Every structure is written in C-alpha cells, then in structure tokens.
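Novice: Join the two chains into one complex using the hints; note that each chain is given alone, in its own frame.
Read off the chains here:
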Amino acid sequence: MWGGWIDGSVMAAIDLTWCFPEILLALLLVVMMGPGSISTMLAIAIAYLAQFARLTRTQIARLRGATFVEASRSMGAGPTHIWLRRLRPNAIAPIVIVAILTVGNAILLEATLGFFGMGAQPPVPSWGGMMNADSVQMFTVPWVIICPGAGSALSVIAINLLGGGLLRGLDVRHRASKV
Amino acid sequence: MFLHARGMAPARIGLKHVLGARELPLMTILASGSACWLLAVAASMIVGTGLGLICGYVGGLD
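Protein sequences, first through last, are from chains A and B.
Here UniProt numbering is used: the first residue of the first sequence is 1, the next is one more, and so on.
Here UniProt numbering is used: the first residue of the second sequence is 1, the next is one more, and so on.
In isolation and in its complexed conformation, chain B is listed as follows (with noise of 0.2 Å):
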C-alpha cells in the first residue's frame, strides 16, 4: 500500500517487491534437486498417460 501510494507500478510491485519477498525462497527450492520429485512426477505422468492412452486406442482398433 506504501509502495503503491508512492506511486510505484503494479507490475514493479508484483515482480520486485511480492515475488522477491515472498515467493523468491520457493522458486529457489523448486529450481533445486529437491523438487526432482515434481519434476519425476510430471515425467511420470506424461508417459505413463501417454502409453495408456496409445495402448487404449490400439486395443480398440480390434
């Protein structure tokens, strides 16, 4: 509310002030190896349903 009466930007705000205030620490946990679990999830899930679907449509063909 200062920054703003201050007359600074949203956007100057948002990216400075709120995303390196406060999201900044999780955005470096989840650029780190500690976030392989996400990255492996998201792997997973994008084969995994992929496959399924492929099979799904080839065992429908008969």
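For reference, chain A alone in the conformation it holds in the complex (with noise of 0.2 Å):
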C-alpha cells in the first residue's frame, strides 16, 4: 500500500547522494559545517551511507524470493517473522566486509580532506593534516609529505589486507573448495 511509497521514497534521496562523488560531497557537507574531527566524521559517515543502504535493500529484495524464504512463508510466517528470522541474519554478512573494504576509502577521504585543511584541525593528529602542514617545504624536504602518504598508503593496504582475509575467512564456497 504505502510501502513502496515510503521504500521508492527514501532510496531516491540515497541515489540522490549517490550521484556526488564522495570527495565532493564529503567536501560540501564539511564547509557547511565548518572544518572539525565531528564534521569530517559526519561528511565521511554520510557519503558512504549510501552504498550501505543500497546494498542492504538489494539483499534483502534478493532473499525474498530464496527457496528458505518461501518455505517459511508457505509455513505460515508472517512478514515481520520472515524480516527478523529469516532475511535480516543473512543480509547482514556481506555488509561487514564492505563495511571492512570501505575503511580503506574512508583513511584516504580523510586524507584528502585533511590536505584540503577540511579535516581534523591541529593538535588532533591526521594523516592529510600533517601533509597540508608541511606542504610548503615539499621540495626542500619532501619526507614531511612522503613519510605520512607511506602512512596512510600503509594503513590501507592493511585494511584491505585485513578485508581480504575477513572475506576468504567468512566466504563458504571458498572454503568449500579448498577442501
């Protein structure tokens, strides 16, 4: 009746974010609310929002029409039982490895952010705060840029590293193969 309105509705206002890049938005969002550790956290937090959200709901509409939905339907359950026991659980999976996967983009926006002089402000340590500081002596000593760039560079590939072996770890099918 109203569901579709109200499912139509919000996923239009997630697409709509959707069509900035994140740097963008992430960059708009912080000038409106001024340069801060909170403002960078809430510019970042909502410029991924939406791949959360449309990966979710794209979960969720796939498991609807699964073979242990539709036994559970055909059992009786309603929606409500269905939404918590059967599609909620199996939905939530694949968002931890890109929640994983997405805090390697998160370090580098961060990063970005803060070479703009839109991020965290000094003294609260960051990697894009310490290479906008140092910037005007890029040429005469360029390890006050490389050495945080290695930095963040490193925390990525750990990140991703660490996603990587999350998605080996949790992925049945892979290790089924190896058996």
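These are calculated hints, taken from the structure and not from any lab test.
This one's a predicted model, so the numbers in the text were calculated from it and none came from an experiment.
We treat Cβ as the ideally placed atom computed from N, Cα and C, and that holds for glycine.
Heads up, some of the hints might be wrong.
Here chain B is said to cover these stretches of chain A; the calculated rule only asks that three of the stretch's residues, wherever they fall, bring their Cβ under 8 Å from a Cβ of chain B [claimed, not checked]:
no., stretch
1, 44 to 57
2, 60 to 74
3, 79 to 89
4, 104 to 118
Simulated restraints on C-beta separations [unchecked claim]:
no., chain 1, residue 1, chain 2, residue 2, range
5, A, 146, B, 50, 37 to 47 Å
6, B, 50, A, 4, 18 to 28 Å
7, B, 46, A, 137, 33 to 43 Å
8, A, 31, B, 46, 17 to 27 Å
9, A, 142, B, 50, 37 to 47 Å
10, A, 139, B, 50, 40 to 50 Å
11, B, 46, A, 24, 17 to 27 Å
12, B, 42, A, 135, 22 to 32 Å
13, B, 46, A, 142, 34 to 44 Å
14, A, 137, B, 50, 38 to 48 Å
15, B, 46, A, 139, 36 to 46 Å
16, B, 50, A, 135, 33 to 43 Å
Specialist: Here it is in structure tokens:
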C-alpha cells in the first residue's frame, strides 16, 4: 500500500547522495558544517551511507525470493517474522565485508579532506593534516610529505588485507573449494 | 617468559606489559581524531544498514 512509496522515496533520497562523488559530497558537507573532527566524521559517514543502504536493500530484495524464505512463508510465517528471522541475519554478512573494505576508502577521504585543511584540525593528529602542515617545505624536505603519505598508504593496505582475509574466512564457497 | 618465571600472573603481564608496550600507541591513535574515519564508517554502516533493512521490509509489505 504505502510501503512501496516509502521505500521508493527513501531510496531516491539516498540515490541523490550517490550522484555526487564522495570527495565532492564530503567537501560540501564539511564546508557547510565547518572543519573539525566531528564534521569530518559526519561528512564521511553521509558520503558512504548510500552504498550500505543500497547493498542492504538489494540483499533483502534478492533473499525475498530465496527457497528458504518461500518455505518459511508456506509454513505460515508473517512478514515481520520472515524479516527478523530469515532476511536480516542473511543480509548482514556481506555488509561487514563491505564495511571493512570501505574503511580504506574512508582513510583516503579523511586524508584528502585533511590535506585541503578541511579535516581534523591541529593538535588532533591526521595523515592529511600532517601533509597539509608541511606542504610548504615539500621540495626542500620531501620526507615530511612522503612519511604521512606512506603511513596512510600502509594503513589502507593493512585494512584491505584484513578485509581480504575476512572475505576468504567468511566465504563458505571458498572454504568448500579448498576441502 | 622472564616475568612469568618470576611468578607474575598472566593477567598482570597482559595488562601491564603487553598492552602497555605494544597496543597502547595503537589505542592512542584510535582514541584520537585520526580514527574519525573508523567511527564514520561504523556510523555509516549502522545507519545505512538500518535504512536498507527498513526499506526492504516496508517495500516487501506491498
């Protein structure tokens, strides 16, 4: 009745944020809220909100036609029971993997905002903030830029390796193929 | 091993020497503004997943 209308409206609003590149949206939000740790955090959270909402929505829509959901429905389970006991637990697993892989992108986004002077402000430590503070000496003492850059790159690689490991660890098909 | 041989309890070794020596700098970084990306992704995941679940539920009612 009205469920489809609410679903369509919320997804349309979320898709609107997806139209912008993350960096542009985050910059816009930080400019509106003023630079600082809290505004950076909110900007990054809003910039990546759409992908989580879309992924969860797609998972729910895909699982709704699954055999085990059909079986549950045929046994008399209501929509709330199916949603809570069948759809929700099965839809969450891929979200955790995507969240860990998103952390790498968020580190880069925070570093970019910090480099533009829009991230966490000193004395709060930040990779981008360090690069921004020493950018005037970039050509005389390049390591002041290279070290924070290498630090952020290593953080992203480490997080992505963790995400990859989790993906392999949680993927049942991958484990089954090794047996 | 040395501390263990001196009779120090494992919990005390863990808290005072392992956490203090190795993990504390990591904790300091995570507690600082540098880790705002971590909180941001957590907030984004919770709100986004919640929205997706609610939309999936109300969309499926029709």
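Novice: Starting from the hint 36 to 46 Å, judge whether the C-beta atoms of residue 46 of chain B and residue 139 of chain A obey it.
Specialist: 44 Å, holds
Novice: Please check whether residue 146 of chain A and residue 50 of chain B have a Cβ separation lying inside 37 to 47 Å.
Specialist: Distance hint for residue 146 of chain A, residue 50 of chain B holds at roughly 41 Å.
Novice: Three or more residues of the stretch 60 to 74 of chain A near chain B by CB distance under 8 Å?
Specialist: With 3 residues closer than 8 Å to chain B, the stretch 60 to 74 of chain A meets the three-residue bar; holds.
Novice: With respect to the beta-carbon atoms only, verify the hint that residue 46 of chain B and residue 142 of chain A lie 34 to 44 Å apart.
Specialist: 40 Å, holds
Novice: In this structure, is the beta-carbon distance linking residue 50 of chain B and residue 4 of chain A contained in 18 to 28 Å?
Specialist: With Cβ atoms ~19 Å apart, the hint holds.
Novice: Does the hinted range 37 to 47 Å hold for residue 142 of chain A and residue 50 of chain B at CB?
Specialist: Holds: the Cβ-Cβ distance is about 45 Å, inside 37 to 47 Å.
Novice: According to a criterion of three or more residues whose C-beta lies within less than 8 Å of a C-beta of chain B, is the stretch 79 to 89 of chain A covered?
Specialist: holds (count 5)
Novice: In this structure, is the beta-carbon distance linking residue 46 of chain B and residue 137 of chain A contained in 33 to 43 Å?
Specialist: 41 Å, holds
Novice: Verify the CB-CB distance for residue 50 of chain B and residue 135 of chain A against the hinted window 33 to 43 Å.
Specialist: The hinted range 33 to 43 Å holds for residue 50 of chain B and residue 135 of chain A, with Cβ atoms some 39 Å apart.
Novice: Apply the coverage criterion to the stretch 44 to 57 of chain A and chain B: a residue qualifies when its Cβ sits closer than 8 Å to a Cβ of the chain, and three qualifying residues are needed.
Specialist: n = 14 at 8 Å, threshold three: holds.
Novice: Should the hint that residue 137 of chain A and residue 50 of chain B are 38 to 48 Å apart at their CB atoms be regarded as holding?
Specialist: Holds: the Cβ-Cβ distance is about 46 Å, inside 38 to 48 Å.
Novice: Look at the Cβ atoms of residue 46 of chain B and residue 24 of chain A and judge whether their distance stays inside 17 to 27 Å.
Specialist: Holds, since residue 46 of chain B and residue 24 of chain A (Cβ atoms, about 24 Å apart) stay within the stated range.
Violated hints for the displayed structure: none, as all numbered hints are satisfied.
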